[in-house]
Amino acid sequence: MSKRILIVDDAAFMRMMIKDILTKNGYEVVGEAADGAQAVEKYKEHHPDLVTMDITMPEMDGITALKEIKAINPNAKVIMCSAMGQQAMVIDAIQAGAKDFIVKPFQADRVIEAIHKTLS
Numbered sequence: 002m003s004k005r006i007l008i009v010d011d012a013a014f015m016r017m018m019i020k021d022i023l024t025k026n027g028y029e030v031v032g033e034a035a036d037g038a039q040a041v042e043k044y045k046e047h048h049p050d051l052v053t054m055d056i057t058m059p060e061m062d063g064i065t066a067l068k069e070i071k072a073i074n075p076n077a078k079v080i081m082c083s084a085m086g087q088q089a090m091v092i093d094a095i096q097a098g099a100k101d102f103i104v105k106p107f108q109a110d111r112v113i114e115a116i117h118k119t120l121s
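2 is the number of the first residue of the sequence shown in the working numbering; add one for each residue after it.
These are calculated hints, taken from the structure and not from any lab test. For each residue, glycine too, the CB sits at the ideal point set by N, CA and C. A hint or two may mislead.
What the hints assert, rightly or not - Listed next, with one range per pair, are the computed distances between beta-carbon atoms: (1) Lys-68 <-> Lys-25: 27 to 35 Å; (2) Asp-110 <-> Met-17: 16 to 24 Å; (3) Lys-45 <-> Gly-86: 27 to 35 Å; (4) Met-61 <-> Met-85: 32 to 40 Å; (5) Pro-106 <-> Asn-76: 14 to 22 Å; (6) Asn-26 <-> Glu-60: 28 to 36 Å; (7) Val-31 <-> Phe-107: 13 to 21 Å; (8) Thr-24 <-> Lys-118: 15 to 23 Å; (9) Ser-121 <-> Asn-74: 14 to 22 Å; (10) Glu-42 <-> Pro-75: 16 to 24 Å; (11) Val-104 <-> Asn-26: 17 to 25 Å; (12) Lys-118 <-> Pro-75: 13 to 21 Å; (13) Gly-86 <-> Arg-5: 12 to 20 Å; (14) Gln-88 <-> Glu-114: 27 to 35 Å.
Said to hold, decoys possible - Only pairs whose alpha carbons sit at most 20 Å apart, straight line, appear in this in silico PhoX-like list of lysine-lysine: (15) Lys-118 <-> Lys-20; (16) Lys-118 <-> Lys-25; (17) Lys-105 <-> Lys-118; (18) Lys-71 <-> Lys-105; (19) Lys-4 <-> Lys-20; (20) Lys-43 <-> Lys-78; (21) Lys-25 <-> Lys-71; (22) Lys-45 <-> Lys-4; (23) Lys-20 <-> Lys-68; (24) Lys-68 <-> Lys-78; (25) Lys-45 <-> Lys-25.
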């Protein structure tokens, strides 16, 4: 059975890029969210195997959403997505329980490597 993934990014283009990489590699995208608040709701609704989470978003940022998801399920697997120059936020995210992070612009092989490593 394919692994179920929730994609969270405020940029529709970025969600589309990740979705394309994932579906081509046999993963099932069960939902998409444009901000952290939506991410938490979609997480409760779909119980995905993994979440890709942008760090900077309107409404609720990725780190706050990560903490809320971890409160719902301490075993949740979340990979953070960040632009260059967000190292301090990446460290906060790892400390909050993120399993890995990928840097934008996305390299397909790095995305798949991070997801495979996190799910194994």
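How the hints compare with the structure:
A C-beta distance of roughly 31 Å is found between Lys-68 and Lys-25, which places it inside the suggested range of 27 to 35 Å. Under the hint 16 to 24 Å, the C-beta atoms of Asp-110 and Met-17, about 18 Å apart, fit the expected range. At about 32 Å, the CB distance of Lys-45 to Gly-86 agrees with the hint of 27 to 35 Å. Evaluation of the 32 to 40 Å hint for Met-61 and Met-85 yields a failure: the beta carbon distance comes to about 23 Å.
Distance hint for Pro-106 and Asn-76: a CB-CB separation of about 30 Å, inconsistent with the stated range 14 to 22 Å. For Asn-26 paired with Glu-60, a C-beta distance near 30 Å keeps the hint of 28 to 36 Å intact. With their beta carbons about 19 Å apart, Val-31 and Phe-107 fall inside the hinted range of 13 to 21 Å. At about 19 Å, the beta-carbon gap between Thr-24 and Lys-118 stays in the expected band of 15 to 23 Å.
Roughly 19 Å separates the CB atoms of Ser-121 and Asn-74, a value that falls within the hinted 14 to 22 Å. Separated by about 19 Å at the C-beta atoms, Glu-42 and Pro-75 satisfy the suggested range of 16 to 24 Å. Taking 17 to 25 Å as the suggested C-beta distance range, the pair Val-104 and Asn-26 conforms, at roughly 19 Å. Taking 13 to 21 Å as the suggested C-beta distance range, the pair Lys-118 and Pro-75 conforms, at roughly 20 Å.
Evaluation of the 12 to 20 Å hint for Gly-86 and Arg-5 yields a failure: the beta carbon distance comes to about 31 Å. Hint check: Gln-88 to Glu-114, Cβ distance near 20 Å, so the stated range 27 to 35 Å is violated. A C-alpha spacing of about 18 Å is found between Lys-118 and Lys-20, which places the hinted pair at or below 20 Å, so the restraint holds. Restraint check for Lys-118 and Lys-25: satisfied, since their Cα atoms lie roughly 18 Å apart, inside the 20 Å limit.
Under the criterion of a C-alpha separation no larger than 20 Å, the hint pairing Lys-105 with Lys-118 is consistent with the structure, at around 19 Å. Distance hint between Lys-71 and Lys-105 is unfulfilled; the C-alpha atoms sit about 24 Å from each other, more than 20 Å. For a cut-off of 20 Å, the pair hint linking Lys-4 to Lys-20 stands: about 13 Å separates their Cα positions. For a cut-off of 20 Å, the pair hint linking Lys-43 to Lys-78 stands: about 14 Å separates their Cα positions.
With a CA separation close to 28 Å, the supplied pair Lys-25 and Lys-71 exceeds the 20 Å bound. With a C-alpha separation of about 17 Å, the suggested pair Lys-45 and Lys-4 falls inside the 20 Å cut-off, and the hint holds. Simply put, Lys-20 and Lys-68 have alpha-carbon atoms about 24 Å apart, too far for the 20 Å limit, and the pair is violated. A C-alpha spacing of about 12 Å is found between Lys-68 and Lys-78, which places the hinted pair at or below 20 Å, so the restraint holds.
In summary, the hint linking Lys-45 to Lys-25 is not supported, as the alpha carbons are separated by about 26 Å, beyond the 20 Å threshold.
In summary, the numbered hints that this structure violates are 4, 5, 13, 14, 18, 21, 23, 25.
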